[in-house]
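A.B. asks: Each chain is listed here by its residues.
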Amino acid sequence: MRSQLAVSMTESTASSRPIGFFGWLAILAGAVLLGYLVCYNIQHLHEHAHTPHEAPPLWGIGVLPFVALLGCIAVLPLLPATHHWWESNLNRLGVALLCGGATLVYYYFAEGADSILPTLNHAVPAEYIPFIVLLFSLYVISGGICLKGDLAAHPMTNTAFLAFGAIIASFVGTTGASMLLIRPLLQTNSERKHVVHTVVFFIFLVSNIGGCLLPIGDPPLFLGYLRGVSFFWTFHLWIEWAVCCGILLVIYLALDTFFYKKEAMFDLRRDETQKQPLRLSGMINILWLAGIVACVAAVSHQRPLPGTDWTPFPFLREILMFVLVGLSLVTTPKGVREENRFNYAAILEVAALFIGIFIAMQAPIGVLRVYGPELGLTEPWHFFWATGSLSSFLDNAPTYVVFFETARSFQEEALATTVIREPLLIGISLGAVFMGAMTYIGNGPNFMVKAIAEQSGVKMPSFFGYMFKYSIPLLIPVFFLITIIFLTESRQPPPADPARAGETPAVQVETTPAHDAGGH
Amino acid sequence: MVKRILVALSGTSYTPIAVQCAVELAQRHNASVTGVTVVDLKSLSDVGPVPLGAHAAAHSLAEHRLAITQERIEEEIANFEKACDNANINYAVDHEDGDPFDLLLKLWRYHDLTIIGLRGLFEYGVVHQPDDMIVRVIHHGVRPIIAVSHEHHPIKRVLIAYNGSHESAMAMKRFAQAHLWADVTVKVACFGFEDEAALPLLTDATVYLRAHDYAPETESLPGYPTEGLLKHSREWQADLVVMGSTSRRRITKLLKIGETALEALIHADVPLFLSQ
Chain H
142 MRSQLAVSMT ESTASSRPIG FFGWLAILAG AVLLGYLVCY NIQHLHEHAH
192 TPHEAPPLWG IGVLPFVALL GCIAVLPLLP ATHHWWESNL NRLGVALLCG
242 GATLVYYYFA EGADSILPTL NHAVPAEYIP FIVLLFSLYV ISGGICLKGD
292 LAAHPMTNTA FLAFGAIIAS FVGTTGASML LIRPLLQTNS ERKHVVHTVV
342 FFIFLVSNIG GCLLPIGDPP LFLGYLRGVS FFWTFHLWIE WAVCCGILLV
392 IYLALDTFFY KKEAMFDLRR DETQKQPLRL SGMINILWLA GIVACVAAVS
442 HQRPLPGTDW TPFPFLREIL MFVLVGLSLV TTPKGVREEN RFNYAAILEV
492 AALFIGIFIA MQAPIGVLRV YGPELGLTEP WHFFWATGSL SSFLDNAPTY
542 VVFFETARSF QEEALATTVI REPLLIGISL GAVFMGAMTY IGNGPNFMVK
592 AIAEQSGVKM PSFFGYMFKY SIPLLIPVFF LITIIFLTES RQPPPADPAR
642 AGETPAVQVE TTPAHDAGGH
Chain P
18 MVKRILVALS GTSYTPIAVQ CAVELAQRHN ASVTGVTVVD LKSLSDVGPV
68 PLGAHAAAHS LAEHRLAITQ ERIEEEIANF EKACDNANIN YAVDHEDGDP
118 FDLLLKLWRY HDLTIIGLRG LFEYGVVHQP DDMIVRVIHH GVRPIIAVSH
168 EHHPIKRVLI AYNGSHESAM AMKRFAQAHL WADVTVKVAC FGFEDEAALP
218 LLTDATVYLR AHDYAPETES LPGYPTEGLL KHSREWQADL VVMGSTSRRR
268 ITKLLKIGET ALEALIHADV PLFLSQ
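Top line first, the protein sequences correspond to chains H and P.
Per my numbering, the very first residue in the first sequence carries number 142; after that it's consecutive.
Per my numbering, the very first residue in the second sequence carries number 18; after that it's consecutive.
Any given hint could turn out to be false.
Claimed, not checked - Listed next, the in silico DSSO-like pairs over lysine-lysine satisfying Cα-Cα at most 30 Å (straight line):
#	chain 1	residue 1	chain 2	residue 2
1	H	334	P	59
2	H	475	H	610
3	P	204	H	600
4	H	610	P	59
5	H	402	H	289
6	H	416	H	402
7	P	204	P	248
8	P	123	P	59
9	H	334	H	416
Claimed, not checked - Reference listing, derived: stretches of chain H covered by chain P, where coverage requires no fewer than 3 residues with Cβ under 8 Å from a Cβ of chain P:
#	segment
10	197 to 210
11	319 to 326
12	598 to 612
Calculated directly from the structure, the hints in this document are not laboratory data.
Because the structure is a prediction, the values reported are computed rather than measured.
All C-beta atoms, glycine included, are put in the ideal place defined by N, C-alpha and C.
Just chain H, with the same shape it has in the complex (with noise of 0.2 Å):
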């Protein structure tokens, strides 16, 4: 029976499998396409594609692959024929780049074969490329820094605690910021009985919320920016950040009060006891984070190098966040990684399928620019609450882009003018990182935050117990209140221009030739 056990337990890791001859073919096609593919790039820099009026023609065949893959995403890990396939991140390499074929083909027989190489630049070196690297640098220079301590868990250290996970969310990331901080808060925890609560509001605030400051901090932000949204955009919704993580911050401090005093006195009394200083290890990747930072603020290869006239050459940002991941590789003590057991699983996962997101999102971003204005959303928090509902169940990045693009279709001259308005973008950006805690599968992070306190022996509920108990009755009324202070059209601030007034306040969105591409 034992043995039993142990085979079924290898067949789980499916995922840690050695690369076959045909993986390796796979992979090696697959650079020398990407490779063929950036030099496109840099070649067609310069040159404009035009933007639809009208949506390719059989686009609700086009739109298909795009859903099929969200819902092999959603679908396969679920099914017990194709739970343990699913674990393999070459056959979701597979799914994805099949789906994305598909979109490809669709293309071909839709708008011709002048058409294909287009849609694949657009797809993967104007967006794919950076996403990626950014993550995948992001993931690496955070996981070589290291918590560890263990305080007196007292309702004030937790809520100083979560709010400062909340700050540093938008600057390492949702994800860099969960790690970082999830361990040593359950550490100071471990004596505590009532610690749910505290993981619950974790997921909210460091793990969601807390990511809307940066374009580093969540994804779908990200995106924005590769779409042309300014660098420093996103800190205009600080006052959001600020209302919706003070009032639960505040909620958080009166739950975890109420449930100090329901503890053990025994259990306060060794919480008191067993406390270490918190340690930070691997500070110097600090320094390589700010560097991410810089870098994706700074370099672009669509403007001047700030204070100089020189544009930086295509992918520079790129290789640079490869060489910031390097020095921390090299840099970051020994053991760090270890301690945060640190490995590529998790961004080899998020690789293998954006590939094929990014591919079979254009047919869908093409149709929404000419059909988006019929959808009928106007209202910011129309575009909120679409967004927000989305992203609870979705991956809240290609939701992002699908009503980004909605947004831009809105008025006519949006196309042309590449304006979007920012009532619009704020409540797409809000809706996006917001609802993301709504459930588990929301954002990455909030289940990797369970896995880990499930782990410590936190009794973490069930997938509808964390939504019944916690994220419908917590959040949805503090996001209405966000709904009635800032997203309805009459709460708007006025434009600065007196003489624009009337007029709703727009954001230029700043796009190379390639995010231009997208309807071909």
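Based on the hints, put chain P in the right spot on chain H.
C.D. replies: Same frame as chain H, now just chain P:
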């Protein structure tokens, strides 16, 4: 006559009481005890929906659950073996992988009595199960069952819930025939009947129990069994409640209520003798 007792080593707070109960009964009846552990790989690896990028975390969680389960199983087996050795009784350990209900049903065929906890079946502190697992065990056909509570009390006062149904009669008969405990005070209670309707039922039950060397008290009580049985078992200070169990749907239909008396008792931690 009880000669083979099956006890579920479930890894819950009820398990030590279940083992103690099994060992005491085995000593009294010169029976052997089989301790069974079950690894339900399906439920252990079911960590729920996983978002993009978190499958490594999900895999790590499933591995952690397996490791903890194995650790707890080893602890449970060691405690069981120690208890049996100390009591000098015959015992065996059966370690199974698979569906807990199917495995219990398979083992039940060769045992006279099954002893489990009121809640949690092979959880090992890892998988949270619904509180009505015992109802599901019964519905799978495992019976008779003794479902123990958190605390061990010597069985001195036994309350038999009897309403004349086939199921409640079967439970009473199995209890009477097994003669599990000597010197017990037995009471037969009939709920929700008019006195005239309850009297013949209680008289017949008394005659049957006397034939099996019991001298039962009887009482007809008003109200639904859902509330009345639990309340009366507390007032009368019953150490064990004997009751029949039929399918939940049928009970619900009969009582026109959403919760069965059985479920009420399980939630209240009253030790039960269940049959069908």
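A.B. asks: Hint by hint, say whether it matches the structure.
C.D. replies: Right, here's what the structure says about each hint:
Restraint check: the Cα-Cα separation between residue 334 of chain H and residue 59 of chain P comes to about 29 Å, which is no more than 30 Å; the hinted pair holds. Distance hint between residue 475 of chain H and residue 610 of chain H is unfulfilled; the C-alpha atoms sit about 42 Å from each other, more than 30 Å. Among the hinted pairs, residue 204 of chain P with residue 600 of chain H is inconsistent with the structure: their alpha-carbon atoms are about 41 Å apart, more than 30 Å. Annotation: proposed proximity of residue 610 of chain H to residue 59 of chain P holds, straight-line Cα distance about 26 Å (limit 30 Å).
As the CA atoms of residue 402 of chain H and residue 289 of chain H are separated by approximately 26 Å, the hinted pair is consistent with the 30 Å bound. For the hint pairing residue 416 of chain H with residue 402 of chain H, the CA-to-CA distance comes to about 20 Å; that is within 30 Å, so the pair holds. For a cut-off of 30 Å, the pair hint linking residue 204 of chain P to residue 248 of chain P stands: about 15 Å separates their Cα positions. For a cut-off of 30 Å, the pair hint linking residue 123 of chain P to residue 59 of chain P stands: about 19 Å separates their Cα positions.
Taken as a hint, the residue 334 of chain H and residue 416 of chain H pair is honoured in the structure, with Cα atoms around 17 Å apart against an allowance of 30 Å. Here's how the segment 197 to 210 of chain H fares: 0 of its residues keep a CB closer than 8 Å to some CB of chain P, so the rule of at least three is not met and the hint is violated. Closer than 8 Å: that is the beta-carbon criterion, and the segment 319 to 326 of chain H has 0 residues meeting it against chain P, so the requirement of 3 is violated. Requiring three or more residues with a Cβ within less than 8 Å of a Cβ of chain P, the coverage given for the segment 598 to 612 of chain H holds, as 3 such residues are present.
Of the numbered hints stated above, those contradicted by the structure are hints 2, 3, 10 and 11, listed in ascending order.
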